[in-house]
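Residue numbers (this note's numbering), protein chains in the order written: chain A, 1 to 183; chain B, 1001 to 1207.
Accuracy of the hints is not assured; some may be wrong.
Computed list of chain B residues with no C-beta within reach of chain A, every gap over 10 Å [said to hold, decoys possible]:
#	residue
1	Q1011
2	G1013
3	M1051
4	D1055
5	E1059
6	R1064
7	R1152
8	T1206
List time: in silico EDC-like cross-link candidates among lysine to aspartate or glutamate, alpha-carbon distance up to 16 Å [to be verified]:
#	chain 1	residue 1	chain 2	residue 2
9	A	K156	A	E145
10	A	K156	B	D1055
11	B	K1002	A	E166
12	A	K84	B	E1040
13	B	K1002	A	E145
14	A	K84	A	E39
15	A	K156	A	D144
16	B	K1002	A	D167
These are computed hints drawn from the structure, not numbers from a lab. Note that beta-carbon positions come from the ideal geometry of N, C-alpha and C, so glycine has one too.
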Amino acid sequence: MPRSPDAMSGTLESLLHRYRESVLRIGRRHGLSDLLLDEALQELRIRLWRAFPGSDQLAAVSPGYLYRAAVTAALMVIRRRRAKRESGIEMTPQFEETTPAREPSPDQAFDESELAERLARTVDELPAARQAVVRLHLQGYHRDEIAGLLGWSEAKTRNLLYRGLEDLRALLVRQGIGPGASV
Amino acid sequence: MKEEDLVRLYQRGVARRDATRSGCVPPEALLDVVERRGPEATRLQSANHAMACADCREELELLRATRIVRDRARLPRFGFALAASLILAAGLSLYTFGRQRTIGGIDDAGGVTRSGSDDVQLVTEGPVSGQAPNLVWRSTTGAASYVVELRREDGTLLTRGTTTDTVFAVADSLRAGPDSNAYWAVTARLSDGTSLASTARRIRLTP
């Protein structure tokens, strides 16, 4: 017997709420915004609503099915977002607050800016594997997360990170940006 | 240059580049990174781009977090004891029926707990002795505590303990007899009420 729309809606919202909280708890630390996640969830909501019209099965939807549906929804939203960007219709502007720990002087701000650009360019010179682990590390990913994402053992990740940072420092020293660089 | 300066400067440098970025990788390539599909060189290229592009990084993070939630949801939620027993039973079956495998192969199987996922990573292997009595594992993000179980090859529980640390000392009394094989496993209890389990690993207990 089909469920009432209210019961269906309650089950769906409860499922999506739990899912949203879990995804956000993991992703927020690395820059996942509520905006992107909510767009993906709206897409997922529509897909689940169509796939389970008034069905009790929704409450027991398997993690595997939910994952595939969520990935499909995420890909749809990502493609849509890129299409908007390319057609010049920018979505919500990014007003990212970056509060400096201390107010730099104009000279210092210029130096930092120059240093930041040179550092970003220098990372490009690292071999691909070391570059990936160094980039992830510098973006705040924990070693375990890096190992998980790249499918490497913890030992390999640790080793490549150590060597990558060593290479990076050596390249910076060659450009005159040594341990005593003022930042 | 100190590590914190490197981090701050790198993030600033990447943010400046975002305004002029080009050549974003397709969404499917980001999914390949998360699902570890395709050649490693291609995946590294995609990951490197994503870490230098705020939009792609956010998209990668959406897919990565979705995957992690899926992996966690696949864990049994009906209690540690039963979960640990299943893990150990699977480990013992593998050992009993697959003695041709190496010791490390038990972990390599990946499917002992759940395929391809090893959320709590065990470190200690080989003999556990008076000189080295500790079972060590890697910390898990979000873990509030860890439950450690040590069982004999026949499944008999030797000891079980809960700790907030990532080290568990095997008591002298458990190593007092002749050398014997045992299995150990760790379950991380996360602050959100869910759990993550390690694979079961075989060790040798020696006095």
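Results for each hint:
For Q1011 of chain B, the condition that its CB be more than 10 Å from all CB atoms of chain A is violated, with the nearest at approximately 7 Å. With a least beta-carbon separation of about 3 Å from chain A, G1013 of chain B fails to lie farther than 10 Å from that chain, contradicting its non-interface assignment. Its closest Cβ contact with chain A, about 4 Å, brings M1051 of chain B to no more than 10 Å, contrary to its assignment away from the interface. Once the 10 Å rule is applied to beta carbons, D1055 of chain B is inconsistent with being away from chain A; the minimum gap is 8 Å.
The beta carbon of E1059 of chain B sits about 5 Å from the closest Cβ of chain A, which is not more than 10 Å, so the claim that it is off the interface is violated. A beta-carbon of chain A is positioned within 10 Å of the beta-carbon of R1064 of chain B; the least distance is around 6 Å. Every CB of chain A lies more than 10 Å from the CB of R1152 of chain B, the least distance being 28 Å, so the non-interface label holds. Interface exclusion of T1206 of chain B from chain A stands, the closest Cβ pair being 25 Å apart, more than 10 Å.
Among the hinted pairs, K156 of chain A with E145 of chain A is consistent with the structure: their alpha-carbon atoms are about 13 Å apart, no more than 16 Å. Between K156 of chain A and D1055 of chain B the alpha-carbon distance is near 28 Å, which puts this suggested pair outside the 16 Å criterion. A distance of roughly 12 Å separates the Cα atoms of K1002 of chain B and E166 of chain A; the hinted pair therefore holds under the 16 Å criterion. Between the alpha carbons of K84 of chain A and E1040 of chain B the distance comes to roughly 31 Å, so the proposed pair goes past 16 Å and is violated.
With a C-alpha separation of about 22 Å, the suggested pairing of K1002 of chain B with E145 of chain A is violated against the 16 Å cut-off. Straight-line distance between C-alpha atoms of K84 of chain A and E39 of chain A comes to about 14 Å, which keeps the hinted pair within the 16 Å bound. For a cut-off of 16 Å, the pair hint linking K156 of chain A to D144 of chain A stands: about 11 Å separates their Cα positions. Taken as a hint, the K1002 of chain B and D167 of chain A pair is honoured in the structure, with Cα atoms around 15 Å apart against an allowance of 16 Å.
Hint compliance for this structure: hints 1, 2, 3, 4, 5, 6, 10, 12, 13 are not met, and every other hint is.
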